[in-house]
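**Student:** Here the sequence shown is numbered in this note's numbering, starting from 443 and rising by one per residue.
Read the hints as simulated data drawn from the structure, not as lab findings. All C-beta atoms in this analysis are idealised placements derived from N, C-alpha and C, irrespective of residue type, glycine included. Do not take every clue at face value.
[As the list claims (entries may be wrong)] Simulated restraints, written as ranges between beta carbons of each label pair:
#1 Cys822 - Ala509: 17 to 27 Å
#2 Leu466 - Asp573: 53 to 63 Å
#3 His705 - Met463: 54 to 64 Å
#4 Asn617 - Gln733: 51 to 61 Å
#5 His475 - Leu529: 55 to 65 Å
#6 Ser861 - Arg574: 37 to 47 Å
#7 His705 - Pro555: 25 to 35 Å
#8 Gln834 - His599: 29 to 39 Å
#9 Gln733 - Asp597: 39 to 49 Å
#10 Arg470 - Asn617: 56 to 66 Å
#11 Pro717 - Trp478: 28 to 38 Å
#12 Ser703 - Leu860: 58 to 68 Å
#13 Arg574 - Leu860: 45 to 55 Å
[Unchecked claim] DSS-like, lysine-lysine: derived pairs with alpha carbons at most 25 Å apart:
#14 Lys495 - Lys701
#15 Lys596 - Lys517
#16 Lys732 - Lys541
#17 Lys541 - Lys527
#18 Lys527 - Lys732
#19 Lys495 - Lys702
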Amino acid sequence: MPSTRWPLLALGVALAGVGAMLMLLRQRRRLGHAVWNACHELTAEIAWERMPKRIILLRHGQSESNAHIEILAEKPDQALELTSKGLEQSKRAAKHIKKLLGATGRLSVILSPFERCQETWGVVEREVGADRVREIHDDPRVREQEFGNLQDMKDIHEHARMADRIGRFYYRRPNGESSADVFDRVSDFWESVMSLSTTDYLMRRRFEPRTPFEDDDALLVVTHGLTMRLMLMRYFNWSVDTFLTVFNPHNCGIWVLKKKSGHHSYEICAEECEPPRLPWATRPVRVFLKQPHPTRSPEAGADEEALATEKSQSVGALDDSMVLVQNPDLEDDADSTTIASSSNVVRAEDWTVIDYLALPQPRTGELANALQQLVRGHPCLAPDRDMDVDLQKVLLKHPRETLEPGEVDHIDWWCGKLSDQALDLRTNIQRGRLGGTPVAARSRGGRQHFTLRTNDTEPCCGDEEVSLPPLAGGRHQEHQQQQAAPVSWQRRRATIAGGEEFSASAAAAAAA
Numbered sequence: 443m444p445s446t447r448w449p450l451l452a453l454g455v456a457l458a459g460v461g462a463m464l465m466l467l468r469q470r471r472r473l474g475h476a477v478w479n480a481c482h483e484l485t486a487e488i489a490w491e492r493m494p495k496r497i498i499l500l501r502h503g504q505s506e507s508n509a510h511i512e513i514l515a516e517k518p519d520q521a522l523e524l525t526s527k528g529l530e531q532s533k534r535a536a537k538h539i540k541k542l543l544g545a546t547g548r549l550s551v552i553l554s555p556f557e558r559c560q561e562t563w564g565v566v567e568r569e570v571g572a573d574r575v576r577e578i579h580d581d582p583r584v585r586e587q588e589f590g591n592l593q594d595m596k597d598i599h600e601h602a603r604m605a606d607r608i609g610r611f612y613y614r615r616p617n618g619e620s621s622a623d624v625f626d627r628v629s630d631f632w633e634s635v636m637s638l639s640t641t642d643y644l645m646r647r648r649f650e651p652r653t654p655f656e657d658d659d660a661l662l663v664v665t666h667g668l669t670m671r672l673m674l675m676r677y678f679n680w681s682v683d684t685f686l687t688v689f690n691p692h693n694c695g696i697w698v699l700k701k702k703s704g705h706h707s708y709e710i711c712a713e714e715c716e717p718p719r720l721p722w723a724t725r726p727v728r729v730f731l732k733q734p735h736p737t738r739s740p741e742a743g744a745d746e747e748a749l750a751t752e753k754s755q756s757v758g759a760l761d762d763s764m765v766l767v768q769n770p771d772l773e774d775d776a777d778s779t780t781i782a783s784s785s786n787v788v789r790a791e792d793w794t795v796i797d798y799l800a801l802p803q804p805r806t807g808e809l810a811n812a813l814q815q816l817v818r819g820h821p822c823l824a825p826d827r828d829m830d831v832d833l834q835k836v837l838l839k840h841p842r843e844t845l846e847p848g849e850v851d852h853i854d855w856w857c858g859k860l861s862d863q864a865l866d867l868r869t870n871i872q873r874g875r876l877g878g879t880p881v882a883a884r885s886r887g888g889r890q891h892f893t894l895r896t897n898d899t900e901p902c903c904g905d906e907e908v909s910l911p912p913l914a915g916g917r918h919q920e921h922q923q924q925q926a927a928p929v930s931w932q933r934r935r936a937t938i939a940g941g942e943e944f945s946a947s948a949a950a951a952a953a954a
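My request is simple: use the sequences and hints to build the entire structure.
**Tutor:** Put into structure tokens, the structure is as follows:
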């Protein structure tokens with residue numbers, strides 16, 4: 443009996459020892475992960491502290507083709523130079539940049555290789571002073587969209603027509619690029635800028651290994667209007683719809699991204715931009731307004747509903763409770779229609795939401811705010827390209843108007859361009875707030891309908907994206923974002939290839 447106990451005891455001791463070793467290894471593994479994560483977070487924090495306080499995006503001054511587009515048929519795009527007006531614009535931009543830098547601020551510069559950007563920087567450098575420039579780097583990734591070598595005028599107009607038909611973000615000109623192509627290379631550019639490296643965010647070690655690292659007060663990118671819009675689209679995760687609402691900045695327009703206090707991200711600093719406002723953006727919409735039925739007899743009501751039903755068979759029913767009918771008072775208005783239901787009449791009108799970027803994301807869920815930023819119709823509201831012309835002068839012919847939530851039945855953000863199926867799938871269940879009252883925007887036939895709800899506190903869940911802050915390290919903020927807006931997060935359409943975030947740098951963070 444004792445002879446059989448010792449082997450069992452030895453086996454038990456051995457198993458206990460193995461278990462203890464496994465537990466120790468597991469604890470060491472956990473400890474190793476904890477140390478690794480702590481080092482990663484510390485590295486990211488150091489890297490973020492060394493990032494510039496501002497990233498300044500500057501469009502080139504007026505070029506020869508901006509003044510005379512016909513020159514594109516005989517002179518390649520990359521060789522176009524500044525006009526005398528472009529030189530003056532560059533001088534004014536230089537003074538603004540010098541003011542942003544302050545008395546002792548220094549900057550690094552990234553330039554498009556196109557001649558008009560090189561000359562713009564030449565003017566700026568004379569004003570700022572070469573002694574305040576740490577490094578200058580030409581980067582072809584921030585060049586203008588390639589439009590296909592020389593451009594004949596009749597081809598330019600044909601391409602513009604085709605771009606409207608295919609989609610301006612996706613249309614690729616022969617021997618050229620689409621906006622989507624430019625988006626891909628500016629995404630790679632952001633990847634380089636937002637590097638996690640504690641020694642370099644401009645890839646200095648790759649191009650100039652012996653250059654010692656010094657902190658910059660600003661990073662200046664001298665580039666092109668379309669490229670600037672796509673850079674913001676990538677950084678702030680704008681949808682294609684949002685990008686298409688944003689106008690190019692004027693020649694030598696300046697957009698300033700500034701470090702956001704308490705976050706590893708940049709935000710647009712409107713007061714430091716030139717002109718001092720958010721990038722100008724407008725979105726055409728179709729607003730369906732409620733019109734109560736006049737007092738009528740039951741017989742008349744029945745006759746009208748029968749007529750409406752008959753007409754619906756010829757034009758197609760919009761949904762189970764609404765049909766499209768003609769309004770005799772609107773025969774001359776091609777942009778207006780009337781929808782009849784059992785309780786009201788709905789009139790469709792074209793409006794434009796101005797200053798679209800001022801709406802919080804998701805923007806198509808900000809119904810109450812959108813109703814405060816309307817002008818009638820779908821006018822071209824492009825701001826004047828001269829820096830000394832105030833945008834308000836552009837809007838004099840189109841004064842801002844306000845609609846009350848009670849007047850509105852629903853909004854079509856795509857102005858009839860999407861099918862009922864697309865509208866139904868893209869809007870689905872959206873929630874917004876009208877007049878400070880929680881409201882559910884109920885999808886009926888693919889359209890937003892406003893229904894009062896007194897106990898609905900869920901976040902908005904519109905078709906727009908959720909802005910993700912660019913993170914200079916770690917994924918903890920991603921988890922926090924999920925906790926803050928779980929519905930919006932899950933419905934966010936990723937605007938980057940494959941739906942991934944930037945690499946370890948996580949630098950995620952637009953005219954229709």
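**Student:** State for each hint whether it applies.
**Tutor:** Quick rundown of the hints versus the structure:
Between Cys822 and Ala509 the beta carbon distance is about 21 Å. The supplied range of 17 to 27 Å therefore holds. Distance hint check for Leu466 and Asp573: the Cβ-Cβ separation is about 59 Å, which falls inside the suggested range of 53 to 63 Å. Hint check: His705 to Met463, Cβ distance near 44 Å, so the stated range 54 to 64 Å is violated. For Asn617 and Gln733, the hinted distance range of 51 to 61 Å is satisfied, since their beta carbons lie about 53 Å from each other.
Take His475 and Leu529: their Cβ atoms lie about 58 Å apart, and the range 55 to 65 Å holds. At about 56 Å, the beta-carbon gap between Ser861 and Arg574 misses the expected band of 37 to 47 Å. Here the CB-CB span from His705 to Pro555 is close to 33 Å, well matched to the stated 25 to 35 Å. Between Gln834 and His599 the beta carbon distance is about 32 Å. The supplied range of 29 to 39 Å therefore holds.
Here the CB-CB span from Gln733 to Asp597 is close to 47 Å, well matched to the stated 39 to 49 Å. Taking 56 to 66 Å as the suggested C-beta distance range, the pair Arg470 and Asn617 conforms, at roughly 59 Å. Between Pro717 and Trp478, the C-beta spacing of about 47 Å breaks the proposed range 28 to 38 Å. At about 40 Å, the CB distance of Ser703 to Leu860 disagrees with the hint of 58 to 68 Å.
For the pair Arg574 and Leu860, the beta carbons lie near 51 Å from each other, so the given range of 45 to 55 Å is met. Simply put, Lys495 and Lys701 have alpha-carbon atoms about 6 Å apart, close enough for the 25 Å limit, and the pair holds. Restraint check for Lys596 and Lys517: satisfied, since their Cα atoms lie roughly 16 Å apart, inside the 25 Å limit. Between Lys732 and Lys541, the direct Cα distance comes to roughly 51 Å. Violation of the 25 Å bound is thereby established for this hinted pair.
For a cut-off of 25 Å, the pair hint linking Lys541 to Lys527 stands: about 22 Å separates their Cα positions. About 51 Å separates the Cα atoms of Lys527 and Lys732, which puts this hinted pair outside 25 Å; it is violated. Between Lys495 and Lys702 the CA atoms are separated by roughly 9 Å; this keeps the pair inside 25 Å, and the hint holds.
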